[in-house]
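**Student:** Those protein sequences? They're chains A and B, same order as listed.
When we follow my numbering, the leftmost residue of the first sequence carries the number 685, and every step to the right adds one.
When we follow my numbering, the leftmost residue of the second sequence carries the number 87, and every step to the right adds one.
The hints are simulated quantities; they were obtained by calculation from the structure and are not laboratory data.
Possibly wrong hints are sitting among the right ones.
In silico contact screen, one side only, chain B against chain A (beta carbon under 8 Å); selected entries [as the list claims (entries may be wrong)]:
# : residue
1 : His105
2 : Ala238
3 : Ala287
4 : Ala308
Pairwise CB distance ranges, derived in the manner of DEER restraints [what the hints assert, rightly or not]:
#  : chain 1 : residue 1 : chain 2 : residue 2 : range
5  : A       : Leu815    : B       : Asp172    : 16 to 22 Å
6  : A       : Asp878    : B       : Ser102    : 18 to 24 Å
7  : B       : Leu236    : A       : Val779    : 51 to 57 Å
8  : B       : His105    : A       : Thr837    : 36 to 42 Å
9  : A       : Asp878    : B       : Phe111    : 46 to 52 Å
10 : B       : Leu206    : A       : Arg961    : 54 to 60 Å
11 : A       : Asp824    : B       : Leu236    : 57 to 63 Å
12 : A       : Ile774    : B       : Ser102    : 35 to 41 Å
13 : B       : Asn286    : A       : Asp878    : 24 to 30 Å
14 : A       : Tyr1051   : B       : His105    : 44 to 50 Å
15 : B       : Val185    : A       : Asp824    : 41 to 47 Å
16 : B       : Arg112    : A       : Pro750    : 46 to 52 Å
Backbone N, C-alpha and C fix where the C-beta goes; we use that ideal spot for every residue, glycine too.
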Amino acid sequence: MASVQLKNIKKVYPYISGEDKKKNKKKNADEPEKKINLQITDEGVVAVQQFSLDIKDKEFIVLVGPSGCGKSTTLRMVAGLEEISGGELIIDGKVMNDVAPKDRDIAMVFQNYALYPHMTVYENMAFSLKLRHTAKDEIDRKVREAARILDITQYLERKPKALSGGQRQRVAIGRAIVRAPKVMLMDEPLSNLDAKLRNEMRAEIIKLRQRIDTTFMYVTHDQTEAMTLGDRIVIMRDGYIQQIGTPQEVFNHPANLFVAGFIGMPVMNFFDAELKREGNNYFVELSGVKVQLDEKKTARLLKNNVQSQPITLGVRPEHTHVSDTGVPAKVDVSEMMGSSVHLHVNADGRDVIIIVPTLDMENNYNYGDLVHFTFAGNVAHVFSKETDKNLEF
Amino acid sequence: MKKTSESAAAGSGGNSKMHNTLVYFRQHWQLYVIFMLPAFLLTIIFRYIPMGGIAIAFTEYNPIRGIFGSEWVGFEHFQRFLSSPDFMRYLVNTLKLSVFGLLWGFPAPILLAFLLNRILSAKTKQKIQLVLYMPNFISVIVLCGIVRILLAPTGMVNMMLGTSFNFMTMPSAFRTIYIASGIWQGAGWASIIYTAALSNASKELKEAAVIDGANIIQQIKAVEWPAIKDTVLIQFIMSVGNIMSVGFEKAYALQTDLNLNASEIISTYVYKKGLLDGDYGFSTAVGLFNTVINVILLVTMNSLVKKMNDGKGI
């Protein structure tokens, strides 16, 4: 149990040789200084930069973002598997930049389980304790306690190859928790499991977290995992933090277009619209339909002294409603999802998704049907056309 | 109950996989014939037909009369060799050279592979590997020439030691010279197979070991050794199977009249008897004796390894 502070952390992967650098420069001579959206400098490729985060004791932090955004690199820097190019990593009040991984008092769960194939489950779980010269009866007690928590006692004498994916991941978690680490790091631990098992293991991790009271750093690209597990979520893109907040905060108040599009399933609908300020009131106007923003949003926009301007309007599919009047659209596809129907419509050349609860459905929607949709003023997100940032921030 | 049904499912899965393979084989048998026929023919022509020559070991072979025209002498050549006063010396020399060669030479490429695997820079690793592989391409005779020059009384080794020993005339130095030069020449090249096997060691597993607190030796023991263990065992079985097949050329090229006590081995004896003295029948019998011992060692070692290694062997 410990707090973790990352202060302006930076990771640069240096060029292997001068020749590589020249080659890269030649390749990118006609392009801007970006490759796969990561910044390229004279030092090398910058994978993570300006990463500052205070993780409280016993907090569950989830790093989420698309592939290559730097989330795993950040976790590996905390683990000590990657050198930190700049900034400070502090665990439990001590600077850990140059401390060996084994001395950081951390444990890590890997995506591919990383179990020693020639050892039994018991030996796998006991391995780190053995290396620390823990007494045999103490090792036995800890291993059996962890096995009981994870419900793998019956597999202790088996080798990893005789276990299913879910069981292996439990063993991997068990191996981490026997050490009672100050910080538990998890690098996409559920990615290799099928959807059903992933849901089960997600619930297991939530239960585990309540039992083993430690600080968690969890990396995933799956927003559902991020939303369900994290006390706070760190959304990353191209090596930068995009937003840090509780699941509710990032869902209800996305800081920019990227976060708005990344969090939420199906993805948020975006429209080219106009923000209009009329005295102390704000309206968004979309295809002739004018919706007044609610008091809270208005207050935030007023605080930022936002003026009338063209904006990117974001409305989540679950907040978009079919109505008699509103923005006209034509039905493209109607997907029956059980409790709701995902209606894909085309509004002025844009694809829009509307979630219609099955109970509210008066009739079926067919290809080419004309519908109208609208939304409320408290769920409309207004983003600057120039900076992609939420104008409320 | 669940376990039974799982095993039944696994069994039926295995059967259906085998069935699919058979169906595929039946449908595409021509492909297999095209690919396998040349190898099959080459094996028959160059490996099995020459085995007929084994008959020479049981005859007083005369090249003019041919194998079947020569006088049949049964096991006479074998008796002659086994009762010869020099038999034990040749056998002991051969065994010492190969057993010590195996003891010193077998671990060398494995250690080299572990060391190479620790080099993080791919370019540096490539350069070092190139340097290590190069001696393998030097012919044995050239290598022996180099060794003779280096170990000559006025050679580099004596210059460095400040002595003037004639190492090539010392029977006690022969085995060290033979084995050390063999390691220098072959260890780099032999490490390729282990380096390749080590590349299969899971990177995540290694990182997990680092976080668990394993030092380099413990990492090798927990992650790298299990990754190459099967390869090492197979290589070991093969090496034991060749224990009597000490290369003739090198021993002959390093041989001097004064180190014969240690350097005369079965293969050099076969060469001298067979080709120099023209005693083909006797020489073939000695060669066959050598091969039979090799086969016995191979089979014994394989079954021993299988017992120790969960049934894994050749």
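**Student:** Are the hints correct? Go through all of them and say.
**Tutor:** Against the structure, the hints:
Contact between B:His105 and chain A, as hinted, is not supported at the beta carbon level, the nearest pair being about 25 Å apart and thus beyond 8 Å. Interface restraint check for B:Ala238: the shortest CB-CB distance to chain A comes to about 43 Å, outside 8 Å, so the restraint is violated. With 8 Å as the threshold, the beta carbon of B:Ala287 stays out of range of chain A, its nearest partner Cβ sitting at about 11 Å, so the hint is violated. About 6 Å separates the beta-carbon of B:Ala308 from the nearest beta-carbon of chain A, less than 8 Å, and the hint is met.
Between A:Leu815 and B:Asp172 the Cβ separation comes to about 56 Å, which falls outside the hinted range of 16 to 22 Å. About 22 Å separates the C-beta atoms of A:Asp878 and B:Ser102, a value consistent with the hinted range of 18 to 24 Å. Take B:Leu236 and A:Val779: their Cβ atoms lie about 54 Å apart, and the range 51 to 57 Å holds. B:His105 and A:Thr837 have their C-beta atoms about 39 Å apart, which keeps the hinted 36 to 42 Å range intact.
The hinted window of 46 to 52 Å between A:Asp878 and B:Phe111 is violated, with their beta carbons roughly 32 Å apart. Between B:Leu206 and A:Arg961 the beta carbons are some 59 Å apart, a value that agrees with the proposed interval 54 to 60 Å. Take A:Asp824 and B:Leu236: their Cβ atoms lie about 58 Å apart, and the range 57 to 63 Å holds. The supplied range of 35 to 41 Å is broken by A:Ile774 and B:Ser102, whose beta-carbon atoms lie about 57 Å from each other.
In this structure the supplied range 24 to 30 Å holds for B:Asn286 paired with A:Asp878, their Cβ-Cβ distance being about 26 Å. For A:Tyr1051 and B:His105, the hinted distance range of 44 to 50 Å is satisfied, since their beta carbons lie about 46 Å from each other. The supplied range of 41 to 47 Å is met by B:Val185 and A:Asp824, whose beta-carbon atoms lie about 43 Å from each other. For B:Arg112 and A:Pro750, the Cβ-Cβ distance of about 48 Å falls inside the hinted range of 46 to 52 Å, so the restraint holds.
Hint violations for this structure: numbers 1, 2, 3, 5, 9, 12, all remaining hints satisfied.
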